[in-house]
Every structure is written in C-alpha cells, then in structure tokens.
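My numbering runs 148 ahead of the 1-based position in the sequence shown.
What the hints contain is simulated information worked out from the structure, not anything from laboratory work. For glycine and all other residues, C-beta sits at the position ideal for the given N, C-alpha and C. One or more hints might be untrue.
[To be verified] Here are the computed distance ranges between Cβ atoms for each label pair: (1) Val-360 x Cys-390: 46 to 52 Å; (2) Asp-314 x Leu-199: 27 to 33 Å; (3) Leu-199 x Phe-172: 37 to 43 Å; (4) Asp-171 x Tyr-375: 17 to 23 Å.
[Said to hold, decoys possible] Using 35 Å as the maximum straight-line C-alpha spacing, the simulated DSBU-like pairs for lysine-lysine come out as follows: (5) Lys-326 x Lys-205; (6) Lys-326 x Lys-367; (7) Lys-448 x Lys-326; (8) Lys-205 x Lys-150; (9) Lys-394 x Lys-248; (10) Lys-279 x Lys-170; (11) Lys-437 x Lys-279; (12) Lys-182 x Lys-439; (13) Lys-393 x Lys-439; (14) Lys-248 x Lys-182; (15) Lys-170 x Lys-215; (16) Lys-394 x Lys-439; (17) Lys-285 x Lys-326; (18) Lys-367 x Lys-439; (19) Lys-439 x Lys-426; (20) Lys-205 x Lys-426; (21) Lys-170 x Lys-394; (22) Lys-326 x Lys-215; (23) Lys-279 x Lys-426; (24) Lys-394 x Lys-367.
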Amino acid sequence: MKVTVVGAGAVGASCAEYIAIKDFASEVVILDIKEGFAEGKAMDLMQTASLNGFDTKITGSTSDYSKTAGSDIAVITSGIPRKPGMTREELIGINAGIVKSVAASLVEHSPNVILIVVSNPMDTMTYLAHKVTGLPKNRIIGMGGALDSARFKYRLAEALEAPISDVDGMVIGGHSDKGMVPLTRLATRNSVPASEFLSEDRLNQVLEDTKVGGATLTKLLGTSAWYAPGAAVSGLVQAIACDQKKIFPCSVMLDGEYGLSDLCIGVPVVLGRNGIEKIVEINLSDAEKAKLQESAEGVKATNGLI
149 MKVTVVGAGA VGASCAEYIA IKDFASEVVI LDIKEGFAEG KAMDLMQTAS
199 LNGFDTKITG STSDYSKTAG SDIAVITSGI PRKPGMTREE LIGINAGIVK
249 SVAASLVEHS PNVILIVVSN PMDTMTYLAH KVTGLPKNRI IGMGGALDSA
299 RFKYRLAEAL EAPISDVDGM VIGGHSDKGM VPLTRLATRN SVPASEFLSE
349 DRLNQVLEDT KVGGATLTKL LGTSAWYAPG AAVSGLVQAI ACDQKKIFPC
399 SVMLDGEYGL SDLCIGVPVV LGRNGIEKIV EINLSDAEKA KLQESAEGVK
449 ATNGLI
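Sequences are here, hints too, so could you generate the full structure?
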C-alpha cells in the first residue's frame, strides 16, 4: 500500500507521521515544491521509526511526481493555510490553482488513485478535483467532516465531563464556520442521548464552539491547526487501505442524495477499499434539513468563484 502526501507543511507532515505510526502502509511519499523540504521531513520522520516501532518507508521529493507513481491513495494538503481573521473561503484564489495542478499530476502518474482533499475551502476544492480529474465519485473524498466531528466530540466530552471514548457525535454540511451542521439531536454518551445530560442551552453552546473550532485554533496558533487534521486524514486513509468499512462524515459529490446534486458537501459515508463504498442517508429533522440546505447554498456560492 503506497500513500502520497502532497504538501510537507505542518498538516502534511502530521498526516505522514500518523499514517506511518499506524504501520499499515508499505510506503509514504511526501512531495513539496520547496527545495529539500519534503526530503528533510521524510528523513526526520524515518529517524523516529526505531523509536516509534514502525516499518513504513517514508521518502520525500521536490516536485517530482514520478516518485508518486502507483500510489493507492493520495492526500492533497498543499495550499496556503488560514491566518487569524481569515475565512476558509478567502483562500480560494491561490489554492484553486494549486489543487487543480496537483490533482491532475497525481492522476497522471497514478490513474487508479483515491484522492483525499484537505486544502481549503475544502468542499470547493473537492468539487474542483472532480472537475479536473473526471475520476469516479467514489474516489474523491474531502476530509472536513471527519475533523469537524472530532472537534464536536471533544466539545461534547468537555461539556459532559466524560471520557471522550464514551462520546459519539457527527457533523455534516459544509466545512466552514457558517456551514457546519453538528447533529446535537443524535449525539450520545454510551448510547444515551446527550440531551439527557445537558440542557438545550449547553448543547447549543457545544454546537457553536464546534462551528468555530478551526477559527479558535487559528487565533491561538497564528495559523491553521495540524495535529487533529493529520489524525483525521490518517483515519480515512486507514479505513480505505484496510477495507474497514467505517462510517465517517466526508465531503463527497452528491447526485440526488439528501435532495442535493452537483456539489460536494459533508455527509456520512462508508469507507473501504474502493473509497466511498456507500453514501448513508440518515433521517434528518426538518430543522436539520433546512440547515443542510442553507449550508449547500453557501458551498454552491463558493463553487461559483472557481
């Protein structure tokens, strides 16, 4: 199993590290346009192999896509990160050109590859990857929902004062501060609805804190987060590589599901060896449907800028 990560910055390096540590891939290739940067990151990570107990081979390359040939899965993290006060949508001008070039180059050298898009604005970049590559919709996946759901579960556990292993919850909709739809109605603690433990006001606060999770970190760090995005990517990659048939909310191309078409947005999917094995249509309340529709309109508006 060969995995390529394009972009050797903080997010890309975290993706490579978490994938390698889980030791399910035979090779991870890191690619970057900055001379020697990917090679240096790869060498540094390989020097942790004996300490962290993995046998995955990690190599780096400067802009040589021939080194990515035969990749089963490729992760696109390249692009400029958010700065404090920026929205994900403000990155579209620069990142669209980067993602367009990267996606085309990856497919040229690995025609059977499954693409995972991380670059922001993520839903629109995932949509762009579809338009550029023409790959089947099961082979292009936007990472956002997996990360947003992890942030949702963090906030739920915090509010419940519970271990996070007790908590489950999901975020659908667009990967943006306004577009996220945390499903508080379906959130649980050990299968018991979270609403049994938390007031409506506290659940609403969890919802709002989740929606600004990325912006909160950007303000604190001065740039986009990287640990949780890297972990989210590694979870998706492992589910595909190991044919786990796990359900994650991901940004995928819809063709009538949830009453939406011709856009990529976060909904639950089953991930396995073929990428998206199934789009799971859950029963939403009227209020949740309305929020998802509103989120979709926002995504479509951003799509119109590419």
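Checked hints:
1. A hinted range of 46 to 52 Å is violated for the C-beta pair Val-360 and Cys-390, which are about 33 Å apart.
2. Distance hint check: the CB atoms of Asp-314 and Leu-199 are about 31 Å apart, consistent with the given range 27 to 33 Å.
3. Taking the beta carbon of each, Leu-199 and Phe-172 are about 19 Å apart, not inside 37 to 43 Å as hinted.
4. Between Asp-171 and Tyr-375 the Cβ separation comes to about 19 Å, which falls inside the hinted range of 17 to 23 Å.
5. Taking the CA atoms of Lys-326 and Lys-205, the gap is about 40 Å. The hint is violated against a cut of 35 Å.
6. A hinted pair counts as satisfied when its Cα atoms are at most 35 Å apart, and Lys-326 with Lys-367 qualifies at roughly 17 Å.
7. For the hint linking Lys-448 to Lys-326, the alpha-carbon distance of about 14 Å falls within 35 Å, and the restraint holds.
8. Simply put, Lys-205 and Lys-150 have alpha-carbon atoms about 9 Å apart, close enough for the 35 Å limit, and the pair holds.
9. In summary, the hint linking Lys-394 to Lys-248 is supported, as the alpha carbons are separated by about 29 Å, within the 35 Å threshold.
10. At most 35 Å may separate the alpha-carbon atoms for a hinted pair to count; Lys-279 and Lys-170 meet this at roughly 32 Å.
11. The suggested pairing of Lys-437 with Lys-279 holds, with an alpha-carbon distance near 27 Å, which does not exceed 35 Å.
12. For the given pair, Lys-182 sits about 41 Å from Lys-439 by alpha-carbon distance, which is inconsistent with the 35 Å threshold.
13. At most 35 Å may separate the alpha-carbon atoms for a hinted pair to count; Lys-393 and Lys-439 meet this at roughly 28 Å.
14. A distance of roughly 18 Å separates the Cα atoms of Lys-248 and Lys-182; the hinted pair therefore holds under the 35 Å criterion.
15. Note on Lys-170 and Lys-215: the hinted pairing holds, with a Cα-Cα distance of about 22 Å set against a maximum of 35 Å.
16. Between Lys-394 and Lys-439, the direct Cα distance comes to roughly 25 Å. Compliance with the 35 Å bound is thereby established for this hinted pair.
17. With a C-alpha separation of about 25 Å, the suggested pair Lys-285 and Lys-326 falls inside the 35 Å cut-off, and the hint holds.
18. In summary, the hint linking Lys-367 to Lys-439 is supported, as the alpha carbons are separated by about 26 Å, within the 35 Å threshold.
19. Among the hinted pairs, Lys-439 with Lys-426 is consistent with the structure: their alpha-carbon atoms are about 23 Å apart, no more than 35 Å.
20. A distance of roughly 31 Å separates the Cα atoms of Lys-205 and Lys-426; the hinted pair therefore holds under the 35 Å criterion.
21. Annotation: proposed proximity of Lys-170 to Lys-394 holds, straight-line Cα distance about 16 Å (limit 35 Å).
22. Of the pairs offered as hints, the one joining Lys-326 and Lys-215 is violated, with about 39 Å between alpha carbons and a cut-off of 35 Å exceeded.
23. Taken as a hint, the Lys-279 and Lys-426 pair is honoured in the structure, with Cα atoms around 21 Å apart against an allowance of 35 Å.
24. This hinted pair checks out: Lys-394 and Lys-367 have alpha carbons roughly 33 Å apart, not beyond 35 Å.
In summary, the structure is inconsistent with hints 1, 3, 5, 12 and 22 from the numbered list given earlier, while agreeing with the others.
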